[in-house]
Amino acid sequence: MALHSLRSTRSARTIVGLAAALTIGLASPVSAQQASGTALAKVLLLGTGGTIAGQANARAGNAYDSGKVSAANLIAAIPGIDKLAQISAEQISSIGSQDMNDKVWFDLVKRIRAAIDNKEVDGVVITHGTDTMEETAFFLQNVLDTDMPVVLVGSMRPSTAIGADGPANLYDAMRVASAPESRGRGVLVVLNDTIHAARWVQKTNTTSVQTFRSPDAGPVGYVDTGSLRFLTAAPAKGAKLKLPDAPPLPRVDIIYSHANMDAAEVEDAVKRGAKGIVLAGVGDGNSSKGAIDALAAAAKQGVVVLRSTRVGSGYVNRNVEVEDDKLGFAVSLDLNPQKARVLLELLIANGVTESSAVQQAFAR
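Residue numbers are given in the working numbering: position 300 of the sequence shown equals residue 300, and the series is strictly consecutive.
Any given hint could turn out to be false.
Claimed, not checked - What follows is a list of derived Cβ distance ranges for each label pair:
#1 N317 x D107: 36 to 46 Å
#2 D145 x A72: 25 to 35 Å
#3 R183 x L333: 21 to 31 Å
#4 A72 x D325: 46 to 56 Å
#5 G226 x D99: 28 to 38 Å
Since the hints were made in silico from the structure, they are not lab data.
Using N, Cα and C, we set each Cβ at its ideal position, and we do this for glycine too.
Can you build the whole structure from these sequences, using the hints too?
Below, the structure is given as structure tokens:
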């Protein structure tokens, strides 16, 4: 579809979403399931808050408060979404994703696993703030063992904004979660008519509706009111990691590398009880001599040290400028610091702390 056509379609759907608040009934496309005469898929909507559930605040022209609208009310404001699936809505939390935490993560896993075990639904949609959406998606990807579609969705504009993108995004996410062809594809992120895999997706812009991209891999598909199309085959199913009985996960700190850096930040992380440290390094995951020496000392004390990069894309290699084998470091390969932190937390929780074993896990 031409870019102009995509933008026109999206604008029209946004207007429809806003008009829903006035209870105007509008026609929607007939779903593939209805056309074939089969029953609608059952989809569980789990709300966590975020901009998609935000309301305007008078403190500034573009100000808003996250998590003020319930998941049920978000669904009620979108005409025709009930034609896609039989939807049930539950609220897990009502927070901005800057406040996302282990407890909410564990609550999401508990509810999704219950839905899987009880065969309640055919798919799950999670409304979520965009700031830490990629971390939640990657966490769920590493712990959920299911072929059922699990789709995270959010928005860059609050529900009360002119041109709110939430209604269109949520409609798209529901379409993806209810589609049989979405099965076996792991955890997905859907915004701006685009489908991304949890491993690759990143937020790349502070305010643009096109903020989510997968710099090292590209999107896995596209969705709109007219079609759902995946560009890649379903990936092989990877090994899953166990969760502790209750939160929190082991503490892992991210240390941001910069010019004129000394050892203080690394030493402070060790003092505060970090079980692991992810270096958001310059370039290929490097840092100053003082910081590298401090990280080597931390590794000798049993802290798991992993080098990643503050650069927005690319691959962190072993033993290029930093002697990882000698210093006992692992590297993040293709994972950015925030995702590397999530995986390292889970590995430490599973007793994987030796640097070579950590490296093998990241390579998988």
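Here is how each hint holds up against the structure:
For N317 and D107, the Cβ-Cβ distance of about 38 Å falls inside the hinted range of 36 to 46 Å, so the restraint holds. Checked against the hint of 25 to 35 Å, the C-beta distance between D145 and A72 comes to roughly 29 Å, which is consistent with it. The hint said 21 to 31 Å for the Cβ distance between R183 and L333, and at roughly 28 Å that hint holds. With their beta carbons about 54 Å apart, A72 and D325 fall inside the hinted range of 46 to 56 Å.
Range check, G226 to D99: Cβ separation about 37 Å, and the 28 to 38 Å hint holds.
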